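Asks: Residue-level listing of the chains:
Protein chains: 2
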Amino acid sequence: MQNLIDGRQIAADIHAETRVRVEALRSRGVTPRIVFVRVGEDPASRVYVGMKERICAELGLESTTLVLDTATPQADLLARVVALNADASVHGILVQAPLPAQIDAPTVFATVAVDKDVDGFHPVNVGRLLLGDSSGFVSCTPAGVHELLLRSGTPIAGANVVILGRGNIVGKPMAAILMQKGPGADATVTVCHSRTRGIEEYCQRADILIAAIGVPRFVTASMVKPGAVVIDVGVNRVADSSARSGSRLVGDVDFAAVQPIAGRITPNPGGVGPMTIAMLMRNTVRAAEIQHE
Amino acid sequence: MQNLIDGRQIAADIHAETRVRVEALRSRGVTPRIVFVRVGEDPASRVYVGMKERICAELGLESTTLVLDTATPQADLLARVVALNADASVHGILVQAPLPAQIDAPTVFATVAVDKDVDGFHPVNVGRLLLGDSSGFVSCTPAGVHELLLRSGTPIAGANVVILGRGNIVGKPMAAILMQKGPGADATVTVCHSRTRGIEEYCQRADILIAAIGVPRFVTASMVKPGAVVIDVGVNRVADSSARSGSRLVGDVDFAAVQPIAGRITPNPGGVGPMTIAMLMRNTVRAAEIQHE
Numbered sequence: 017m018q019n020l021i022d023g024r025q026i027a028a029d030i031h032a033e034t035r036v037r038v039e040a041l042r043s044r045g046v047t048p049r050i051v052f053v054r055v056g057e058d059p060a061s062r063v064y065v066g067m068k069e070r071i072c073a074e075l076g077l078e079s080t081t082l083v084l085d086t087a088t089p090q091a092d093l094l095a096r097v098v099a100l101n102a103d104a105s106v107h108g109i110l111v112q113a114p115l116p117a118q119i120d121a122p123t124v125f126a127t128v129a130v131d132k133d134v135d136g137f138h139p140v141n142v143g144r145l146l147l148g149d150s151s152g153f154v155s156c157t158p159a160g161v162h163e164l165l166l167r168s169g170t171p172i173a174g175a176n177v178v179i180l181g182r183g184n185i186v187g188k189p190m191a192a193i194l195m196q197k198g199p200g201a202d203a204t205v206t207v208c209h210s211r212t213r214g215i216e217e218y219c220q221r222a223d224i225l226i227a228a229i230g231v232p233r234f235v236t237a238s239m240v241k242p243g244a245v246v247i248d249v250g251v252n253r254v255a256d257s258s259a260r261s262g263s264r265l266v267g268d269v270d271f272a273a274v275q276p277i278a279g280r281i282t283p284n285p286g287g288v289g290p291m292t293i294a295m296l297m298r299n300t301v302r303a304a305e306i307q308h309e
Numbered sequence: 017m018q019n020l021i022d023g024r025q026i027a028a029d030i031h032a033e034t035r036v037r038v039e040a041l042r043s044r045g046v047t048p049r050i051v052f053v054r055v056g057e058d059p060a061s062r063v064y065v066g067m068k069e070r071i072c073a074e075l076g077l078e079s080t081t082l083v084l085d086t087a088t089p090q091a092d093l094l095a096r097v098v099a100l101n102a103d104a105s106v107h108g109i110l111v112q113a114p115l116p117a118q119i120d121a122p123t124v125f126a127t128v129a130v131d132k133d134v135d136g137f138h139p140v141n142v143g144r145l146l147l148g149d150s151s152g153f154v155s156c157t158p159a160g161v162h163e164l165l166l167r168s169g170t171p172i173a174g175a176n177v178v179i180l181g182r183g184n185i186v187g188k189p190m191a192a193i194l195m196q197k198g199p200g201a202d203a204t205v206t207v208c209h210s211r212t213r214g215i216e217e218y219c220q221r222a223d224i225l226i227a228a229i230g231v232p233r234f235v236t237a238s239m240v241k242p243g244a245v246v247i248d249v250g251v252n253r254v255a256d257s258s259a260r261s262g263s264r265l266v267g268d269v270d271f272a273a274v275q276p277i278a279g280r281i282t283p284n285p286g287g288v289g290p291m292t293i294a295m296l297m298r299n300t301v302r303a304a305e306i307q308h309e
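In the order they appear, the protein sequences are chains A and P.
Using our numbering, the first residue of the first sequence is number 17, and each one after it goes up by one.
Using our numbering, the first residue of the second sequence is number 17, and each one after it goes up by one.
Extracted from the complex, chain A is given alone in its bound form (with noise of 0.2 Å):
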């Protein structure tokens, strides 16, 4: 398994640089503070709120999980985030995904101010990460799949990228930090979905791949180019009597097929998935960092 890109290990050497500015802030008498609101007993959500409340508490972050009846109206979580935003013993904020049916989450995102907006979802941010303004929020898993192709030293200038999915979190930002003009960007890319049309040969073109799309092993062996370097974005519940739970998380990439053909490949779990917290930490310290300047 010479060929893993380790997420863990990527995620345990930027979270080793994010304590030291941590460090820097609480030298200064600043302790980067966010506050994770979470709206329903989602278990997904309690389980990933719970691992960025412990890392939080790792790295010296302060935490505090606002946890809010499943029935909240969308307007009482608006008027919880304005609350947030005005006060200035909180840097970061983060509404955890999914919402409930009754909540439209994309005025949520809206509604977390810009520089709080740790997430990277606010349209300004967005638009920032499009035009190449590099002073806004980049959302935390694209961000963290970009650290991944830089730190395992993957060229990235020129190379063919092809990205599997087409949404808000994952594939569009994703596309925008990999098209920019600048170092560790330049690449040629091309964003594919349920509605490309030969998408095998997209994808057996790639110099990179990038599976955000949803679909359990979507990626198979004869899908990649040898040596390409594959990322495995997807976490997909299937069912599986075998497991407790009656269910496992599977990725978008068939694993055992294509780690033999990949030139660099992430495992999944241990990928993607530690780094989308360690962007989110460091997005968080850079935002005490703003706004303490």
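The hints are simulated quantities; they were obtained by calculation from the structure and are not laboratory data.
The model shown is predicted, which means the values in this text are computed figures rather than measured ones.
Hints may contain errors.
One copy or any two copies: either way a pair holds, since identical chains are not told apart in the list.
Unchecked claim - Result set (DMTMM-like, lysine to aspartate or glutamate): computed pairs, CA atoms no more than 25 Å apart in a straight line: (1) K241 x E163; (2) K241 x D149; (3) K241 x D22; (4) K241 x E217; (5) K241 x D85; (6) K197 x D120; (7) K241 x D92; (8) K197 x E216; (9) K241 x E216; (10) K241 x D223.
Let chain A serve as the given structure and place chain P on it in line with the hints.
Replies: Then chain P, alone, in the frame of chain A:
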């Protein structure tokens, strides 16, 4: 020349639709009004603003042009924009590029009120575009290209679209429009640029080829798949000793060579250019409609 996409005719059709909306507004006592801000005496800017003023008059929009000295400090320009933002009689604001060197254009564009940003350059509007939120203003040239494709009956869903150029005004927003989920989009989009390796091969596979790379006659016959739809966004000034001015404008496509191969092709001039103004007029009327809802 059966295969031309006649931008002048399509723009005229859109102008007719816009005029109906202008009349509806005027019957309610609202005259849509745009203010053009021109800094200095750049000859191309003078021509562009003059054309826009003329078409405003033809369609029944009111326009005012604010001409500022070429040495205007950025702070003064921003103060003017802020005053226009606050002026309820102004529905749309357009600060004409290029701007003199002492002025940072992105800062100016981000200062224009989001709901008066008829150029679609504000980061919020760019972010909305990438996120698939249709409440924003879309920048005029890519919106115009989109209308050319729609009104020429070009199949977009599932099409392999290759965009040459990744500028903030055309390439990037163009990609954002066509990769969205839904009617009029659903294309598979690749963005190529100066760092792309093997750019000819990407072009040769394109069902729709959109050239906005700023290189005179970059797209040659051998780069075009027979039957492809070719859109020429380029406006390049080249030396021409036979012209009175000593120069003339040419596009990014070698029209004479490509036209016989293409399924449909825009002339240049007479293709994208008129559409940009048509979209500006439509955006301005929409701004007035929204502000007087």
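Asks: Each of the hints needs a verdict: does it hold here or not?
Replies: Going through the hints against the structure:
1. Taking the closest pair of Cα atoms, K241 and E163 come within 25 Å of each other only inside a single copy of the chain (22 Å); across copies the shortest separation is 37 Å, beyond that limit.
2. In this homomeric assembly, K241 and D149 never come within 25 Å of each other (Cα to Cα): the closest approach is 33 Å inside a single copy and 35 Å across copies.
3. Taking the shortest alpha-carbon separations for K241 and D22, only the intra-copy value of 21 Å comes in at or below 25 Å, while the best inter-copy value is 42 Å.
4. In this homomeric assembly, K241 and E217 come within 25 Å of each other (Cα to Cα) both inside a single copy, at 10 Å, and across copies, at 17 Å.
5. Taking the closest pair of Cα atoms, K241 and D85 never come within 25 Å of each other, the shortest separation being 48 Å inside a single copy and 57 Å across copies.
6. For the identical chains of this complex, K197 and D120 are inter-copy neighbours only, at 18 Å across copies versus 34 Å inside a copy, given an alpha-carbon limit of 25 Å.
7. Taking CA atoms no more than 25 Å apart as the test, K241 paired with D92 passes in neither setting, with 50 Å inside one copy and 55 Å between copies.
8. Taking the closest pair of Cα atoms, K197 and E216 come within 25 Å of each other only across two copies (20 Å); inside a single copy the shortest separation is 28 Å, beyond that limit.
9. Taking identical chains as interchangeable, the C-alpha atoms of K241 and E216 lie at most 25 Å apart whether they share a chain (11 Å) or sit on different chains (20 Å).
10. When the C-alpha separation of K241 and D223 is checked against a cutoff of 25 Å, the pair qualifies both within a copy, at 7 Å, and between copies, at 24 Å.
Going down the numbered hints, you'll see the structure goes against 2, 5, 7, while the others check out.
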